[in-house]
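Q: Go by the hints and put chain B onto chain A.
Chains as they are written, first to last, in the working numbering: chain A, 265 to 393; chain B, 401 to 538.
Read the hints as simulated data drawn from the structure, not as lab findings.
Backbone N, C-alpha and C define an ideal beta-carbon position, used for all residues, glycine too.
To spell it out: a stretch of chain A is covered by chain B in this simulated footprint if at least three of its residues, at any positions, have a beta carbon under 8 Å from a beta carbon of chain B; those stretches are: (1) 280 to 292; (2) 308 to 314.
Ranges of calculated distance between the beta carbons of each label pair, as one might list FRET restraints: (3) A:Val378 - B:Val456: 19 to 27 Å; (4) A:Pro376 - B:Gly455: 17 to 25 Å; (5) B:Gln520 - A:Val378: 39 to 47 Å; (6) B:Asp472 - A:Ala368: 37 to 45 Å; (7) A:Ala368 - B:Arg481: 48 to 56 Å; (8) A:Ala347 - B:Ala530: 45 to 53 Å; (9) B:Asp445 - A:Ser393: 33 to 41 Å.
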Amino acid sequence: MVRLEHCPVPDHEAHTVIVAEDEILIRLSIALELREAGFHVVEAGTADEVLDFLMTGQPVDCVFTDVRMPGALDGAALAYRIARDFPQVEVLVTSAHARPEGLAAASFIPKPYVQENVVARITAAIASS
Amino acid sequence: MTVEKEVTEPPSCVLMVEADILVRQPISAYLRECGYRVLEASNTDEAVLLVQQSGVAIDIVLADVKAPGTLDGFALSRWLRLNHHGMKVILVGSVASEAKEAGQLCEEGPHLSKPYDPQQLLDHVRRLLAARERNPRQ
Numbered sequence: 265m266v267r268l269e270h271c272p273v274p275d276h277e278a279h280t281v282i283v284a285e286d287e288i289l290i291r292l293s294i295a296l297e298l299r300e301a302g303f304h305v306v307e308a309g310t311a312d313e314v315l316d317f318l319m320t321g322q323p324v325d326c327v328f329t330d331v332r333m334p335g336a337l338d339g340a341a342l343a344y345r346i347a348r349d350f351p352q353v354e355v356l357v358t359s360a361h362a363r364p365e366g367l368a369a370a371s372f373i374p375k376p377y378v379q380e381n382v383v384a385r386i387t388a389a390i391a392s393s
Numbered sequence: 401m402t403v404e405k406e407v408t409e410p411p412s413c414v415l416m417v418e419a420d421i422l423v424r425q426p427i428s429a430y431l432r433e434c435g436y437r438v439l440e441a442s443n444t445d446e447a448v449l450l451v452q453q454s455g456v457a458i459d460i461v462l463a464d465v466k467a468p469g470t471l472d473g474f475a476l477s478r479w480l481r482l483n484h485h486g487m488k489v490i491l492v493g494s495v496a497s498e499a500k501e502a503g504q505l506c507e508e509g510p511h512l513s514k515p516y517d518p519q520q521l522l523d524h525v526r527r528l529l530a531a532r533e534r535n536p537r538q
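Looking at chain A on its own, in the form it has when it is part of the complex (with noise of 0.2 Å):
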């Protein structure tokens, strides 16, 4: 593991966001937007890779997730236990298909996606929680 004592101390007032997409070059691309606004970005590429991030208990506020990724859990099912486990954790499933069943159009955005409107629809979740 990293010793983390002799890291610099974190942004405390920026939101993290976690963006769950195994599309290497989609996910570097709206990491760097989120950044560029503001936002602490934790990277993954797969479901199991956000529950162990999410189970270290560091601060997330936000899970932005694609539906179809390798591994056992869809993004689907990820929401699904975010919204069971981690309740204080926002989550946006985004998808090229359709909105999975069960999920709330609010919580939904259709690819292909404006990243701007990511951003913006990001912002508007950890705002109103």
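A: Okay, now just chain B, sitting in the frame of chain A:
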């Protein structure tokens, strides 16, 4: 009258290749806090895609020797030396037997060992970038 134009160079870019998000995330965040641009890959296939298609000029690749993917960290390092000679490589491993091979592949000294010491890593990155600035063709 002369007008001085402020020229700011873009920050140097480190590509970190590490499968474990609980290692990748704090080290990436640390390097960003230190002023570097950091790209993250969880396996070597993602790393190759970022090198080839991200459009970002990558200065240093920091790779776990056991990174998953079509290539392991050693093979990724060899591929970079063949195809992207300007990129410096830091290999990171935890087993002593990995050290010899990694040392032969890394420029400017031996590989780094896990667990990461962030200050040691930062020193290593700075040394590599300084060496590259002195000898840009290497």
